[in-house]
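Peer 1: Chains A and B, in that order, give the protein sequences.
Under this note's numbering, the first residue of the first sequence is numbered 1, with each subsequent residue one higher.
Under this note's numbering, the first residue of the second sequence is numbered 1001, with each subsequent residue one higher.
Source of the hints: derived by calculation from the structure; they are not laboratory data.
Idealized CB from N, CA, C, for every residue including glycine.
Accuracy of the hints is not assured; some may be wrong.
[As the list claims (entries may be wrong)] Each pair of labels, with its calculated beta carbon distance range: (1) K1339(B) x I46(A): 53 to 63 Å; (2) Y1149(B) x A134(A): 23 to 33 Å; (3) A1019(B) x G112(A): 39 to 49 Å.
[To be verified] Reference listing, derived: stretches of chain B covered by chain A, where coverage requires no fewer than 3 residues with Cβ under 8 Å from a Cβ of chain A: (4) 1159-1167; (5) 1231-1243.
Read off the chains here:
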Amino acid sequence: MSGTESVAFDTPLRERRADTFAMWVFIGSEAMLFGAIFLVFLVAHIDFGPAFAAASKRLSLPLGTLNTAVLITSSFTMALAHMLALHRHWRPTIWALVATAALGLCFLIVKGIEYGKEISEGLAPLLGLPFRYAGPDPVHAEFFFGLYFTMTSLHALHLIGGIVVIAGMIALWPTSSPANRLRRVVAVGLYWHFVDIIWVFMFPVLYLINR
Amino acid sequence: MSNAAMQGTYLGEGSGLRAWLLTTDHKRVAWLYLISLTVFFFLGGAMAVLMRIELATPAGDLVSDDVYNRLFSLHGIIMVWFFLVPSIPGTMGNFLLPLMIGARDLAFPRLNLASWYVFIFGSLFALFAVVAGGVDTGWTFYTPLSTLYANGFVSTAAFGVFIVGFSTIMTGINFIVTVHTLRAPGLTWFRLPIFVWTLYATSLVMVLATPVLAASLILIVLERVFGIGIFNPDLGGDPLLFQHLFWFYSHPAVYIMILPGMGVVSEVLPCFSRRPLFGYKAVAMSSMAIAVFGFLVWGHHMFVSGQSAYAGVVFSFLSFCVAIPSAIKVFNWSLTLRKGEISFETPMLYALFFLGLFTFGGLAGLFLAALAVDVHVHDTYFVIAHFHYIMVGGMVTAYMAGLHFWWPKLTGRMYSETAGRIAATVTFVGFNLTFFPQYMLGFNGMPRRYHTYPPEFQFWNVLSSAGAVVLAIGYLMPLFYLGWSLFRGARAPDNPWNATGLEWQTSSPPPPYNFETMPVVTRPAYAYDMKGLEHESFSPHREEAAR
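For reference, chain A alone in the conformation it holds in the complex (with noise of 0.2 Å):
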């Protein structure tokens, strides 16, 4: 067919909508899955909030800060890659991509250095680990952990994913038609920025609730 790579389409510019929309409607599906895992978390901290409060002063804020930091400017190398690619500057826009995906990497590195963090400090209830917890109310407040380590490991999969895939995408890049390229950024991009959007909830639930 005429530079599409589903033969459903006849050009590619109604392949790039049909792309879009897909992953807008991808981006629904996602949005329902954190949904129910924030609600839990938010059902929880109405009924034991001062044992949650506590707890929350035990994350590292500045950890967390430096990382919303890392995230959000990732967000803008990518605005930025999918700008190039419409203007199709293409060398540019892979250097965007790469900035976008090392960031992703910085992100996981700092997640990984407050996990041991936690971990050494006996605040992570998981695996039979030791938790050696000293405020009040420790049955909750080990419920906030095992609640934090959930959202937040499941939000750095889906950073993990993204990575995979801008990976992937340069990889494909020498032998792609512009068309492709450009649907595959805008499409990548959408991904990009919701992962972000779900840290940018999360931090201040997990972080700065009731500080």
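Use these hints to put chain B onto chain A, whose structure you have.
Peer 2: Using the frame of chain A, we list chain B on its own:
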């Protein structure tokens, strides 16, 4: 099948295993689904037959309580996630959606094939759980049973269901995008066949509800494997939370299962009564209303769970509301038949049986939506009978109706009409004999999920078990005469039922990219009242004239 007549059709494009397993043609992917779903249907069905044999006598003499628990759990898990959810969308949906809207394929053909592989990958986990020793939590995986007390392969089965969820979401996204972007010129939203509307509504529910199931299953696996106690009160968690999350998916999932069946019936009834569908817009919009209401009624599964009485009242009211769009459909289908030239071909028989069984099961749903009655019959065979009337009597009957209706299009062959009519009738009799007694049992207080029962329940149980045997025969029959038709059946004409719809305007079986020339639509759906249908209608060579 590889003979001269199949040249130029999608069946003639390479016949090796490789050509089928690497295909991106939506029509071939539909076959991959059809074959794998048939295997699961009979696997789940065999478990049900074993259960019914056990229940023929009050004592637990065939299987132990533990084995019985595993039988009903796996029966539920397999039938819900490995048959009912993908059933019509995966097979007829895949095959017909592009044909019905005049497209060359689904929007994302490779995603479509990937969805089948993901389905198979997930099903391997479930099959492993079956072989390795089973699951004894029921298909609902309720906590804390599933997290603290169950001994089976809960994580494996839950993970399998989780993976199959991805396949569902892929299909949903593909269908939504296809309907939005690939309709033929002139095919406006309100000219779409109702089957397309119901697939669209189903896809919306798939995309928005399945991730919530994924979230709840992730949390179960995290609890069992990593020890994070979201649902464990000892670790600060809340077991009831699981029920909320689970039913937030699983109630809408009921509509994932039944909506496509409603779509099939909306195609078959007008065709065999030679009448346009009565109240087209109302039927189309009621599908959307069911999809929306479906998200707001999950609490009716939890009337006795200790949720607040106010929540119970609100959920009860909303559950009654679902009856409105369902009743709109039933009345419109009935009025379609009025003054029609009705003929009783096999698909029509199945569709009429659907109409009766769905209505009967739906009315029992109103009993269950009523708070006080539900407290009386909760967790009894009354509930079992209700949802089997909808899921088996409704959905599986509609599936059979669709399979017989579009079989000539799928294969290019006709089947024995006599055998088809006999099978449909045997199914109807067997179904009612199996499940009507369960209403009586439930109302008299027999609880579900027990392998023994007091002797006074034996009369109805024996009837039900006898019915299960008849029903099994009814479902096995098509396996033989459709299998025979596949290789030996008479050649099917392009439009054997003289039906409207773009899928009948191309050859049987269709060519690889569906249409020789892209069709242009100039009429509403179900134009059975317009004269000279078979001569002009939507045929491709009128494209020029329409422009």
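Peer 1: Enumerate the violated hints, using their earlier numbering and listing them in ascending order.
Peer 2: 4
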